[in-house]
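J.: Single-letter residue listing:
There are 4 protein chains.
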Amino acid sequence: MRALQSVTRVDAMKVKAGIVGGTGYTGVELLRLLAAHPEVELTTITSRGEKGAKVSDLFPNLRGRVDLAFVEPDEAALGPCDVVFFATPNGTAMKSAPALLEQGVKIIDLAADFRLRDPEDWERWYGMPHACPELLAEAVYGLPEINREAIRDARLVANPGCYPTAVQLGFLPLLEAGLIDPESLIADAKSGVSGAGRKAEVGILLCEAGDNFKAYNVAAHRHWPEIRQGLTAATGKSVDLVFVPHLAPMIRGIHATLYATLTDPEADLQTLFERRYASEPFVDVLPPKSHPETRSVRGANQCRLAVHRPQNGKTVVVLSVIDNLVKGAAGQAVQNMNLMFGLPEAAGLQGIALLP
Amino acid sequence: MRALQSVTRVDAMKVKAGIVGGTGYTGVELLRLLAAHPEVELTTITSRGEKGAKVSDLFPNLRGRVDLAFVEPDEAALGPCDVVFFATPNGTAMKSAPALLEQGVKIIDLAADFRLRDPEDWERWYGMPHACPELLAEAVYGLPEINREAIRDARLVANPGCYPTAVQLGFLPLLEAGLIDPESLIADAKSGVSGAGRKAEVGILLCEAGDNFKAYNVAAHRHWPEIRQGLTAATGKSVDLVFVPHLAPMIRGIHATLYATLTDPEADLQTLFERRYASEPFVDVLPPKSHPETRSVRGANQCRLAVHRPQNGKTVVVLSVIDNLVKGAAGQAVQNMNLMFGLPEAAGLQGIALLP
Amino acid sequence: MRALQSVTRVDAMKVKAGIVGGTGYTGVELLRLLAAHPEVELTTITSRGEKGAKVSDLFPNLRGRVDLAFVEPDEAALGPCDVVFFATPNGTAMKSAPALLEQGVKIIDLAADFRLRDPEDWERWYGMPHACPELLAEAVYGLPEINREAIRDARLVANPGCYPTAVQLGFLPLLEAGLIDPESLIADAKSGVSGAGRKAEVGILLCEAGDNFKAYNVAAHRHWPEIRQGLTAATGKSVDLVFVPHLAPMIRGIHATLYATLTDPEADLQTLFERRYASEPFVDVLPPKSHPETRSVRGANQCRLAVHRPQNGKTVVVLSVIDNLVKGAAGQAVQNMNLMFGLPEAAGLQGIALLP
Amino acid sequence: MRALQSVTRVDAMKVKAGIVGGTGYTGVELLRLLAAHPEVELTTITSRGEKGAKVSDLFPNLRGRVDLAFVEPDEAALGPCDVVFFATPNGTAMKSAPALLEQGVKIIDLAADFRLRDPEDWERWYGMPHACPELLAEAVYGLPEINREAIRDARLVANPGCYPTAVQLGFLPLLEAGLIDPESLIADAKSGVSGAGRKAEVGILLCEAGDNFKAYNVAAHRHWPEIRQGLTAATGKSVDLVFVPHLAPMIRGIHATLYATLTDPEADLQTLFERRYASEPFVDVLPPKSHPETRSVRGANQCRLAVHRPQNGKTVVVLSVIDNLVKGAAGQAVQNMNLMFGLPEAAGLQGIALLP
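Chains as they are written, first to last, in this note's numbering: chain A, 1 to 356; chain B, 357 to 712; chain C, 713 to 1068; chain D, 1069 to 1424.
Since the hints were made in silico from the structure, they are not lab data. We put the beta carbon where it would ideally sit given N, CA and C, even for glycine. Hints may contain errors.
As the list claims (entries may be wrong) - Not the full set, but computed from the structure, chain C residues with beta-carbon under 8 Å of chain A:
(1) G736
(2) Y737
(3) V905
(4) S906
(5) R910
(6) V914
(7) I916
(8) L917
(9) C919
(10) A921
(11) G922
(12) D923
(13) I963
(14) D980
(15) L981
With the sequences and hints as input, model every part of the structure.
T.: And the structure:
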């Protein structure tokens, strides 16, 4: 096979990008997107466990497209990067961030280290003290539909969680417009199994998670405080939220079904949503009576929304779908990178969803 | 292959059962259960489209176990039966029911013809006038956990819908005990694709419904009035309900996630559920903090429930799983038949769920 | 929930069965079958890792049906059993077998410890010396369609592998009749993922094995010597075999597609197969031109076969399907137990395949 | 949502492309590829059944990317195109081809109308007389790895079938080099369900084809004569082939496992394959001992191959994977179009496979 496109050639004009921890699903998705990004030079990818191995040996879809091998994660490797993506377990990025920022490297953390603004919150939900609480105030929550301007200027972006992306984009127009009771929020969310990561765990085996459906973490899920913080910050309203995540027998996709009590039964909800997202490149409001499907965003950096009011009653129902690995992780990270480096926001993100 | 067990031998002591319309998924599931039922003789199975064909040619899992061929659906074939199951499209059973009842045949309708008590409701939701509205008052809604005694005496049983079974069993203890606001009910339900039946339709192809998740019929679903009627009848409370069904990429199983606002924050919900279902053979209340999985009831006549109160808040969350083809259709029909004929309620229903 | 049937009551007439290593998929399938077996009392189940845990906490499909807890695997627990099933990793049963046999306990090993008759073969393929090579000659290869009489008298049965069951049943009639060149055998076999066991391994995650198809172990697979030995022993012909296993994105089922060169182009292959298996309770020869489906045996102790001769050419094609966990493991083990204890061969094995 | 990229703008330099019959899976895949193709202007898409409907209403993944509506398939609509793709049922393209060719429109037929060179063969396998047998000699079989130069000059390209692509690419190096007995070929092929098209048929429902595996059309499949003709034409050897297709429970992907008898046991098969495809942009020979996975080509115009010789025996085993909708259909059609119009062969085909 002739290589289609080299990704290792040096090009002074391009953004030099590194990835820390590229052996998981957000890592391989970042690689897929960055390898095809016209303005990026992928220079470094690190992994302790896979050091020395070729990326394309682990992920054969990248054969002929990514020639890099995994290297040890250290400053020598990452320092020359313009931007470093952390596709690592929680608690990793916070250890390296201060030194890299000092070297002038911008950081996009796809894990949770910089999502919660209060270090005590972080410790409570993630079970360890925060390594650099002084950076929490600086970190920008990377949901462009809320924080686009702040992201442009950020050195450190906390890429949102997958559920929080789908849930916040669905509730935002209603909360901003004051049309729902902020204490009545229910988010019933269903995720494909890739949301659990590429880990050797029995619960996500094909024979356990396949042809099966279940809720999990109903008592408490780490995305709950993130969603509440995000919606409160964006709208100034203290929200109360019931959040029930479920595991669906599919690979990619989140479908969030959102419920809230309307305070104004006369509101034109369809128009509200269409206007809110009219200029957003990656949020698509479907026509009335639509039911978005997760496959309509498979592999694409898109959120598709539909708004319903069953039986013309007091409850609004919003349906929100994303690909958890794209708009819910790697795609949104690239969108944030584009903003941070003044690139066209959609650069490298124009792939059309794979259907069927 | 030597036949394992003949199902056609005549046995005067057994209940002679017929099936009308046995070419769909509830039909083949009825066949699987009845062929192995120790007190039933399967005598007749009808299908216009497949007349003359051997049942086991259509459903090879029945080879060596069911020797019947499909016959024309007429009174001559069905009159000698003790009980006839209708596994037909909506609107079929109501045409044949009066004549069969007159012949002394008991009827269990797995479709919707006798589920709604008000003929105007039926016409509104099912788009045709009812053929025998005079039977609606007599028909017993076949949810044994509510109507066990009435079912024992019934000539005509309306077997509940799959969603209504899962949803009602989850809400019942709370409504009966007056612990939730009856106007606050939300049922977010997810179904495997077999719930849509065995029909040549594009939307349920593997390539359309596989690796995909979506809501459907958010504006209105025919199980909505059935659930409301059932809960109101059982508890004397006029309930308001938001019901959002979803299609999950799996074959069997319903997972209903139920939300309601608690009126008594001090109630011991776990004990309430355990007591309510302590003597029920087919409802299993899981320990606190459990998450029932649909596969734990795959092929079994079971409903498994768990009750949660996230963040000790005002909202109760009930998780309810059934196999839509068993406790949600054919299994419940057999349970009803057992009651109607004075057989042990669990006869023929002791199969253990297939896991994995 | 009221328990449907207690499996712990003592019944002097029943076969007292123990299971060593019941935490995998063959273990839970054995539990499902034995819990419903009319002639078996399940007395003991062992697991080092899960000691003390209730079986039904690990496998919720068994709630209300199996009340046992896992105990330490030792002779005190297993000695009183009439039969012990080893559902353990390779190399475990051979360590305990001599002592148990001495105590008069019969053994059925679902792993590979007693499948190969030559201890050097075993060491070469399984990477460890055999712990009790003196028992290899006594062990009976538990394929009832070949060794029924020997199994009846056996103390120690080596339950066949899943692939070897499907492949041997397909080739046997042709080899026995001398109708194919024994050096021309090709077995292209496809297995559901449960064949790989319930292990925390990345390769069998839903996100790795789902929506995907691949061959594996083409260079060498441990079932290759087992198939060759079995076919040679049964037919007296030294066979040469190419065996290519594949991983299919489903939970249960093996589909073996078998190819061989015919030596007699005039043979009536359909009649040959039908006669060979006419009295077999668990081998079903389909009519000419059939294509057996794995789902037609899902959960059932059945092998279904079809024989083809494309373009009337020199190559015979046999299609053979089993459920790898039933006829390919736990079901066949129960069939062997029935033979060893003089029970009806089909006792406890009459469950009908779950379709859809 | 802001549209990311308009596909309807007129650009005189671009190839104006039309699609006839764009409502199936090869149609939507063509749309996905052509909408993102830098050198193509998608001008027309026809469908009798969906006339007037927006393409993106049928295929929501195309929202914001394809603004076209389906129009009636007639010459007025198609005449101005530079190239027309037929993504139609067999027997459609042959009716329109002569008139379009006369208007100077180039044609790529993704159906079978121009694949077989002998009109009698066509009639025998496809059950209807050929409408323009005089064009069969002119039509070029569009497998670039064989016919690249002829394709560049072609007016009419017969795009190969999906199975024939995977099978021929696997056997070609061996046959060309004379290293296998051309009468010993066996192709055991497994396809995802999208290969059966987007048709309302019971057999490809999720509940029929999901969690299931089966062979089909073992007696005769239309791709059998196509493969034989292709291999014979390319190598000058009359080949004999046993071809057994199977339906695998997944959406996309073909895995062909190929067997043949080696005539030269000393040949270096790995080097043979690597050299044969060294300059091919879309055929990737994996390192020795590899097992290509279908997901490694999901959505990508790639064939990945591995060659094995189990037990160093007389049989060579080739593993060949493609995405049936891309290299097996729409992608190969675009590759052919690129050649026919002097575009870079990989233009618009650089998408990386979606994994997981």
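J.: Compare the structure with each hint and give your call.
T.: Hint by hint, here is what the structure shows:
no.: 1; hint: G736; verdict: violated (10 Å)
no.: 2; hint: Y737; verdict: holds (7 Å)
no.: 3; hint: V905; verdict: holds (5 Å)
no.: 4; hint: S906; verdict: holds (5 Å)
no.: 5; hint: R910; verdict: holds (6 Å)
no.: 6; hint: V914; verdict: holds (5 Å)
no.: 7; hint: I916; verdict: holds (5 Å)
no.: 8; hint: L917; verdict: holds (5 Å)
no.: 9; hint: C919; verdict: holds (5 Å)
no.: 10; hint: A921; verdict: holds (5 Å)
no.: 11; hint: G922; verdict: holds (5 Å)
no.: 12; hint: D923; verdict: holds (6 Å)
no.: 13; hint: I963; verdict: holds (5 Å)
no.: 14; hint: D980; verdict: violated (40 Å)
no.: 15; hint: L981; verdict: violated (36 Å)
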